[in-house]
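For the protein sequence lines, the chains are A and B, in the order given. Position 144, counted from 1, in the first sequence is what the working numbering calls 144; the numbers after and before it change by one each time, with no gaps. Adding 260 to a residue's 1-based position in the second sequence gives its number in the working numbering.
Honestly, I wouldn't trust all of these hints.
Said to hold, decoys possible - Reference listing, derived: stretches of chain A covered by chain B, where coverage requires no fewer than 3 residues with Cβ under 8 Å from a Cβ of chain B:
(1) 68-82
(2) 118-124
(3) 139-152
(4) 227-235
(5) 240-247
(6) 252-259
What the hints assert, rightly or not - The calculated lysine-lysine pairs, modelled on DSSO-like cross-linking and capped at a C-alpha distance of 27 Å, are:
(7) B:Lys319 x A:Lys221
(8) B:Lys578 x A:Lys251
(9) B:Lys346 x B:Lys448
(10) B:Lys578 x A:Lys153
Calculated from the structure, these hints are not laboratory results. Just so you know, these numbers come straight off a predicted model, no measurement behind them. Virtual Cβ for every residue (Gly too), placed ideally from N, Cα, C.
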Amino acid sequence: MEIVVLLKQVPDTESMISVADDGVSIKTVDLKWVINPYDEFAVEEALQIRDADSGKVTILTVGSDKATAAIRTALAMGADEGVLINDPAIEGCDGLGIARILAAALKDIPYDLIIAGQRAVDDDNFLVGTAVAEYLGIPNISMVNKQEIADGKIKCRQTIEGGTVVLEAPLPALFTTQRGLNEPRYASLPGIMKAKKKPLATKTLADIGLDASAVADPGAKIVSMQPPPARQGGRIIEGETAQEKVTELVKLLSEEAKVV
Amino acid sequence: MSVLAIAEQRDGEFRKVTYEALSEGRRIADELGTDLAAVVLGSGVEGAAGDLGKYGADKVLVADNPALVEYLTDLYTNVVAGVIEKEAPDVVVLGASTQGKDLATRVTARLNAGLAMDCVAVKVEGGNVIATRPIYGGKVLADVALNGKPQIVAIRPNAMSIAETAKAGTVEKIEVDPGDGRLQFVEKKLETEKVELTEADVIVSGGRGMGGTDYTLVEQLADLLGGAVGASRSAVDEGWRPHSDQVGQTGKVVSPNLYIACGISGAIQHLAGMSSSKVIVAINKDPDAPIFSKADYGIVGDLFEIVPLLTEEVKKIKG
Ligand SMILES: Cc1cc2nc3c(=O)[nH]c(=O)nc-3n(C[C@H](O)[C@H](O)[C@H](O)COP(=O)(O)OP(=O)(O)OC[C@H]3O[C@@H](n4cnc5c(N)ncnc54)[C@H](O)[C@@H]3O)c2cc1C
Ligand SMILES: Nc1ncnc2c1ncn2[C@@H]1O[C@H](COP(=O)(O)O)[C@@H](O)[C@H]1O
């Protein structure tokens, strides 16, 4: 089984995020960068599928030089190869542009199964994986917390609002991950040593046969960024007894906030 | 100029986000001085369709076909892409549910359109849509300008209000060809007695302070308020609550009217998922817990003492 994981490097979720002076991007100094948590589930699932069967796990990333660190971490977890698409034209791409690049790169990488995260916790676009499937003309199942492969088909349990749906698709197919799918392993020390020798290719858009103009004109362009409205937090309800505090709280919720 | 709203139904009943999408579609149509059409896909859904006039649809297109009984990405994409090509709307609005996100993405990619996912506000400037979307789990809000035709906005459930505006809601059955799909529906399991977190008006969440799997206290309060129970990641990791209850940057992002956090410290990833709630209440025994800095109202105290009293007090005012 040839499995490709679409993996993005994102700021650690612990990070405080603030808007840069240009007003359309974030300050990146001092940020710690990690594998997108949903893509960690994708790597883990790919490794488990490979190890139960055979084959290869390839990590595919669109990003800058620093993204090699995320790919190396995935290789240290046990993936076999990495491919980084790194090109100045990527700057300013929207999610669909990234999906177009990934789909173009996948023309040169054999795959039976592609696994992506349901969302990257920076852009929160919820779309790159699904769009890649559309561009490749293969079926996709999103938000999967359980999967089973047999007889050239994949059966996935998808979470929907208030429940789950089970869907089946013939391979090749793509699915996106949901929490509960697995517990990602940590990279072991021997894993980290081995990862240094695993193949990691860097390619430009030209190398994957894509003209920069194909991604130059985003359908969605960020025109401004702002912090969310500040909350007037910090109002502690005082009282002699618990009962007094609660009575006061309910009065405020009903008369002032009008929510109960 | 025209606006199209895509209605989402499950087993013949519209999701709440459908009414939100229609209300928002109506607002955009009014701003553009144009009509709002709605499209409903399903099998045996014609009866319910007329209802959408109440929420501002001038006409309702019904794609009724046995193949559309369950949501399947490929068939639904074929039908919706066909409707968009025929109706040629400038703006398309739908709910960013699991299904809506999937459909919006496939349709946008196929039609080479522009898409803003999971929006919390939409305005029109010079005929172009500018959508506001939370990114970095809500730590930043981005205004996104769309171009391309149509401009598709998927709106976050519970973020926009429902407005009843009576319009004709003329129902038109349309001929559609769902085509062949490779996805096969196997089964669906619904927890019908549970209120879905992303749609709930009230959420009572319990964190590590709950101390174990017994969530009766928060469940009772949530039930009384007609709300849902949420959890922090720690509570989920402990195995006290299912993954689907996790609120936060890597769980569900919620914006209820009222969010009550019980025994939750307020880690940055948790705050990211709930700080767009309209009113936040925190109950925590540690006066220095970061959750208090985001809470509109805080009580310093033991949740095992406070929550039952709160339930009793709410009962009193509910009569
Ligand atoms: C990659 C990553 C992603 C993450 N994503 C999420 C996410 O999506 N959502 C999320 O929630 N977390 C997430 N986390 C975890 C997050 O960092 C915190 O660890 C977690 O939110 C803490 O949960 P908690 O507040 O329940 O527990 P704690 O931080 O342990 O806090 C428990 C609180 O309960 C209070 N308490 C204890 N007993 C009582 C009592 N009897 N009465 C009243 N108060 C009491 C304590 O004072 C304390 O403040 C993520 C972490 C990582 C690394
Ligand atoms: N730059 C990227 N490189 C590789 N994969 C990506 C990239 N951006 C997004 N993805 C994949 O698409 C998923 C959803 O991302 P998004 O649509 O941006 O929320 C991620 O979890 C990744 O699996």
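Would you pick out the hints that fail for this structure and give their numbers low to high? 1, 7, 9, 10
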